[in-house]
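Line by line, the protein sequences are chains A and B. Okay, so the first sequence: first residue is 1 according to the numbering used here, each after it adds one. Okay, so the second sequence: first residue is 1 according to the numbering used here, each after it adds one.
Don't read these hints as lab results, they were simulated from the structure. There's no promise every hint is true.
If several chains are the same, the list does not tell them apart, and a pair holds so long as it fits within one copy or across any two.
Claimed, not checked - For lysine-lysine, the following BS3-like pairs were computed, each having C-alpha atoms within a straight-line distance of at most 30 Å:
no.: 1; residue 1: Lys203; residue 2: Lys161
no.: 2; residue 1: Lys583; residue 2: Lys393
no.: 3; residue 1: Lys333; residue 2: Lys468
no.: 4; residue 1: Lys499; residue 2: Lys96
no.: 5; residue 1: Lys78; residue 2: Lys194
no.: 6; residue 1: Lys468; residue 2: Lys393
no.: 7; residue 1: Lys79; residue 2: Lys194
no.: 8; residue 1: Lys148; residue 2: Lys189
no.: 9; residue 1: Lys499; residue 2: Lys470
no.: 10; residue 1: Lys499; residue 2: Lys583
no.: 11; residue 1: Lys194; residue 2: Lys82
no.: 12; residue 1: Lys88; residue 2: Lys198
no.: 13; residue 1: Lys79; residue 2: Lys203
Number of protein chains: 2
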Amino acid sequence: MRTLSIVHAIAAFVSCTAAQTFQRLGGCPDLGCVFPPDQADFLAGQYFDIRLEVHSPINGSEARVGEPDPNFTFTITKKRGKPIAATKFFKVDEPKLERWDFSWYEDRFAEDADTPSIVNVTSKIYRRVALKEPGEYEATLNYYGSQKTVANWLVRDLPTKRRAKNVILFIGDGMTTNMITAARLIAHKSINGKYMTKMALDKFPVLGHQMTHSMDSFITDSANSATALYSGHKTTVNALNVYVDSSEDPFDDPKFETIAEIFRRHHPHAGIGIVSTAFLADATPAALTSHTSDRGEYDHVISTYYEGLTNYTWTEWNGPDVLLGAGAENFLKSEDAKRDYYDLFAQNDYSVAWNKTALQNAPNDQKLLGVFQTSNLATWLDRNVYQANLLNKTNYPDGSGRDADDLPGLKEMTLKAIDVLHERHSDDGWFIMSEAASVDKQMHTLDYDRALGELLELDDTVRATIEKLKHLGELEDTLVIVTADHGHGFDVTGSVDTKYLEAQDDDRHKRSAVGYYESSGLSQYTTGGPNSLRYSEGVHFPTRWDPRYTLHSGVVAFPDHHENYQVHKDGPRTPALAAQGDKNNYYASYKDAVSGILINGTLPVDAAQGVHSLTDVPVFAQGPCQELFGGVYSSIDIFFNIAECLGLSEGK
Amino acid sequence: MRTLSIVHAIAAFVSCTAAQTFQRLGGCPDLGCVFPPDQADFLAGQYFDIRLEVHSPINGSEARVGEPDPNFTFTITKKRGKPIAATKFFKVDEPKLERWDFSWYEDRFAEDADTPSIVNVTSKIYRRVALKEPGEYEATLNYYGSQKTVANWLVRDLPTKRRAKNVILFIGDGMTTNMITAARLIAHKSINGKYMTKMALDKFPVLGHQMTHSMDSFITDSANSATALYSGHKTTVNALNVYVDSSEDPFDDPKFETIAEIFRRHHPHAGIGIVSTAFLADATPAALTSHTSDRGEYDHVISTYYEGLTNYTWTEWNGPDVLLGAGAENFLKSEDAKRDYYDLFAQNDYSVAWNKTALQNAPNDQKLLGVFQTSNLATWLDRNVYQANLLNKTNYPDGSGRDADDLPGLKEMTLKAIDVLHERHSDDGWFIMSEAASVDKQMHTLDYDRALGELLELDDTVRATIEKLKHLGELEDTLVIVTADHGHGFDVTGSVDTKYLEAQDDDRHKRSAVGYYESSGLSQYTTGGPNSLRYSEGVHFPTRWDPRYTLHSGVVAFPDHHENYQVHKDGPRTPALAAQGDKNNYYASYKDAVSGILINGTLPVDAAQGVHSLTDVPVFAQGPCQELFGGVYSSIDIFFNIAECLGLSEGK
């Protein structure tokens with residue numbers, strides 16, 4: 001039966017090959033759409049909504065005559081059972097019929113010619129249902145008389161015994177194995193090809209790879225991928241914990257519950273911590289509590305931290321215990337945000353910290369909001385090496401226009417989060433997500449030095465976390481996971497003699513500065529010198545960032561840019577600039593690397609930055625349930641493994 | 001004591017920072033050189049040579065007055081013991097003193113100006129010694145009165161009980177996690193972001209990462225990296241199972257024993273199989289038996305398959321049981337090779353096969369040499385999809401000038417190797433190395449389609465191998481490992497609408513054909529169609545190689561080239577051509593991708609191809625000892641784990 005339904009699904013999938021890249025609606029195999037879609041996986045008892053749509057395209061390659069079916073029916077069939085009307089199966093009222101239309105382009109030619117295809121839609125949505133019994137289900141939409149769209153759903157049959165008291169999930173946003181290799185090379189000394197010290201990541205007992213693909217595209221963004229990691233559901237680019245329907249409203253899409261919501265529902269006294277070096281409305285932290293098809297709805301994101309969902313009945317949710325990061329602009333009153341969230345959080349018994357000193361002095365027995373600057377947190381490299389770049393930013397988190405010059409890093413934030421959660425939840429345990437966000441952000445702008453600095457800060461944070469957990473007596477009860485949400489196509493192929501490159505007059509001669517194979521030589525980032533940087537015992541970063549021989553780094557796809565393979569001492573890179581302000585027409589910024597060579601882009605000319613890549617990303621695990629994380633698997637298995645380890649499955 | 005000696009070594013290492021990329025002699029920390037160098041690891045009982053050198057640079061930044069010391073001394077100190085003269089320690093005669101000089105360039109400026117630095121050398125070499133007792137040793141060279149070079153050596157303390165009867169080591173040359181991800185995407189169907197089938201690699205229970213760095217450069221070549229995998233010793237680019245000394249002779253360098261040699265020495269009736277899709281004199285197969293500082297000494301390589309070493313006393317070695325691959329030119333009499341190796345192998349009771357039919361008909365109870373064409377084996381894509389590319393190659397392995405048109409692939413060769421070794425060595429067990437060589441070779445020429453085809457053939461070979469071992473009742477006694485020797489900086493960032501790209505007039509408009517994030521869409525390589533390719537149950541390759549929407553693939557460093565993101569149906573790519581035959585001046589080949597965009601290179605203009613990259617590469621393991629292969633470690637640990645699993649350590 002399972003096999004048959006798979007064959008059915010493949011046949012349906014093949015039928016829409018004409019629109020593989022430009023899609024009428026992702027996850028919708030024919031004119032009937034069921035969300036959650038075919039092949040969806042569920043935790044037993046996880047709340048979700050069901051969206052049904054019937055499409056009637058009025059023009060384009062799929063054009064048909066007539067209105068979309070208003071009389072479609074929907075049944076659920078448990079394996080070896082009979083189809084049961086969804087209203088009866090879930091004991092809910094029949095939802096009201098909705099109607100709308102939407103348009104899309106079938107391909108780039110249609111886009112250029114501005115000839116959209118228009119689709120009329122009938123739809124219903126079932127809110128807040130759950131499947132409590134593990135097993136296979138068929139969700140069947142019947143429409144246009146004899147047509148059917150079948151979604152095969154699997155409620156995973158997981159052990160229900162809780163094995164971990166605490167879980168800390170580190171996310172190196174955009175981090176790949178290739179970047180870890182490069183970070184190790186610049187921060188750890190080696191002799192004759194052998195490292196004298198190890199990264200914290202290198203010491204993990206279990207290694208896995210996870211596949212990051214989206215539901216309807218093989219490249220994901222961070223909203224979509226964080227959703228998969230936290231909820232077990234793959235969705236569409238830009239979506240946070242909803243499947244994206246074809247309606248315009250970014251808040252009416254079918255939702256599903258996240259690990260934070262489920263953990264708190266099962267254990268009202270368990271602790272939740274959210275830590276990020278991004279602005280806190282950004283996708284990776286947002287995906288723990290937000291539900292919207294548009295990750296750009298920042299006020300929605302902050303409001304869900306504060307009060308959960310208000311537009312529909314959903315899981316009881318009273319906010320994280322600890323919320324630390326940047327992005328003060330979304331907490332202050334503004335055009336977008338009618339409320340002062342600092343006030344609201346303070347009224348809800350949070351202590352509010354605006355700088356590192358206040359963070360470290362905040363009481364451990366109180367909930368804690370820490371917002372340390374506007375925008376993203378300054379990078380490790382700027383906070384620790386090129387500190388002049390922190391000046392004249394007018395980015396103090398109170399909106400006063402001062403500079404934020406007393407900034408914590410990922411390590412200080414994460415260790416404080418553990419202190420608070422340990423103090424407040426030593427009985428019921430806690431879940432922390434800690435994100436090194438700017439590995440991704442700096443890779444986007446081809447600022448490899450800053451990206452690797454962020455990765456090394458993550459590694460140092462992991463090291464310090466393990467030490468702290470040991471000190472607190474919690475290490476053996478804590479599952480520690482380090483992974484990424486997607487990659488960037490980064491690697492290193494050798495070294496560059498920057499002195500030689502500078503001395504040459506033209507690009508073809510400058511390229512002779514590149515050494516590969518035996519001429520790559522050894523890393524000069526770890527050698528000493530009069531001005532070499534020094535760190536505490538066990539802490540590993542480059543002792544210098546500007547050796548004569550640097551890394552020959554690159555990504556596989558890029559905008560037009562200049563490249564001189566040197567650290568940008570004056571602040572983060574801007575590799576491409578819009579010609580006369582035309583955001584559809586980026587050219588290399590000459591100023592970005594004056595002595596560099598010109599590299600013509602391979603991305604569309606409207607791309608100012610690099611983009612995410614396909615590669616599976618690594619997973620490092622230690623602690624209770626570590627054995628679940630070995631080998632190769634889907635990103636959603638991270639969610640199911642954490643849920644299993646916390647005993648959150650309601651099955652049997 | 002260990003800590004102290006590490007500090008000493010780091011200090012020494014730092015002293016030569018001026019020559020990190022251009023080095024006087026790799027692995028030589030100061031004017032005294034000891035090979036095996038500092039931090040070398042040994043299997044207890046493994047044979048090796050010791051080379052000592054004392055340098056006296058007569059000009060350049062290290063210039064000194066006087067001859068190199070002819071009276072240097074050399075001692076071995078076991079931990080907590082006293083220094084013992086090497087002659088006494090190893091019970092060998094004092095070697096005779098050698099003298100030579102050599103020159104090198106201190107950097108690219110010196111190279112441009114042709115101002116070499118000259119070095120006079122005194123040297124000795126100790127042949128075929130071994131350390132049988134596990135533990136730490138200091139090898140100390142005393143010279144110029146008070147100067148010392150200390151090499152810290154570790155003989156690993158490993159269990160000696162044999163746990164695996166057989167070992168098969170698959171090497172995807174140049175294969176990375178990124179490539180595995182892309183290969184899966186084009187060969188395995190998915191629905192809503194979830195694969196309906198798995199790669200054989202995805203099913204392995206244990207995953208690791210290995211670091212591939214060379215002894216004296218962070219980018220390795222395949223000779224050096226295969227040496228590390230088979231012997232536990234990291235050396236220099238282009239070297240096969242020797243440390244590279246400064247003498248000119250490519251055959252006098254200090255050797256060390258390989259896994260094939262050690263296994264045969266311990267178990268004279270154990271079987272050895274060598275399988276590769278490369279020419280058999282190529283580095284990855286060669287590194288099982290060859291000992292030379294120059295991987296280009298092809299006649300040496302073939303002679304070591306046939307008779308082992310003849311220039312010095314070394315391990316008894318009477319050749320592999322099975323040797324299958326390509327490169328007939330090195331088996332035929334020629335200017336380089338004075339002997340007809342087909343005759344010699346036949347005289348040594350090998351059956352000799354020149355085509356797939358003969359391979360499959362060869363008796364399983366006889367030793368087997370199979371050489372199927374000149375040069376490298378045609379790629380899977382040309383053998384199976386674009387077969388017209390096999391014509392007019394005059395590459396039949398007998399040198400007759402016919403076409404080789406009855407070619408086996410990696411799978412047929414590997415399964416036959418198992419048949420022969422199982423028949424001949426069912427009591428004593430066997431070791432096979434099977435290499436998918438052209439993952440690397442096709443990545444070098446930016447022919448991503450062909451490279452991924454090779455990777456998928458490797459995966460299919462692994463699948464079929466596991467099935468065969470199960471069928472033979474040998475699976476539980478066989479350690480199966482799949483890994484790589486180094487990476488290429490490959491990844492995929494989206495899709496390309498090739499129809500749209502073709503329809504645009506200029507490069508900047510063509511780039512709009514690239515779709516990323518949600519516009520990457522779904523893989524069209526697995527969808528059906530009237531001419532779609534079909535495979536047997538369980539075999540997964542693309543059903544079409546030329547969909548309208550292809551992968552937006554790239555590498556991080558490249559020569560000048562044109563790119564249209566389409567499969568090359570007329571044969572493997574040649575992305576760059578030498579201008580007027582000048583091998584120091586490569587430009588994009590317009591013909592290679594007529595409709596494509598021009599991408600200016602980031603490698604020196606004398607590079608016709610892409611190059612190897614830094615990234616750690618994956619290791620997949622199953623069978624006895626699989627638990628040794630999890631986590632992150634050095635490439636040399638692959639050797640030590642295999643040796644441990646075969647019970648080859650003589651310690652205690």
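Problem set entry | Structure versus earlier hints, numbers of those that do not hold, lowest first | Numbers 3, 4, 6, 9 and 12, in rising order.
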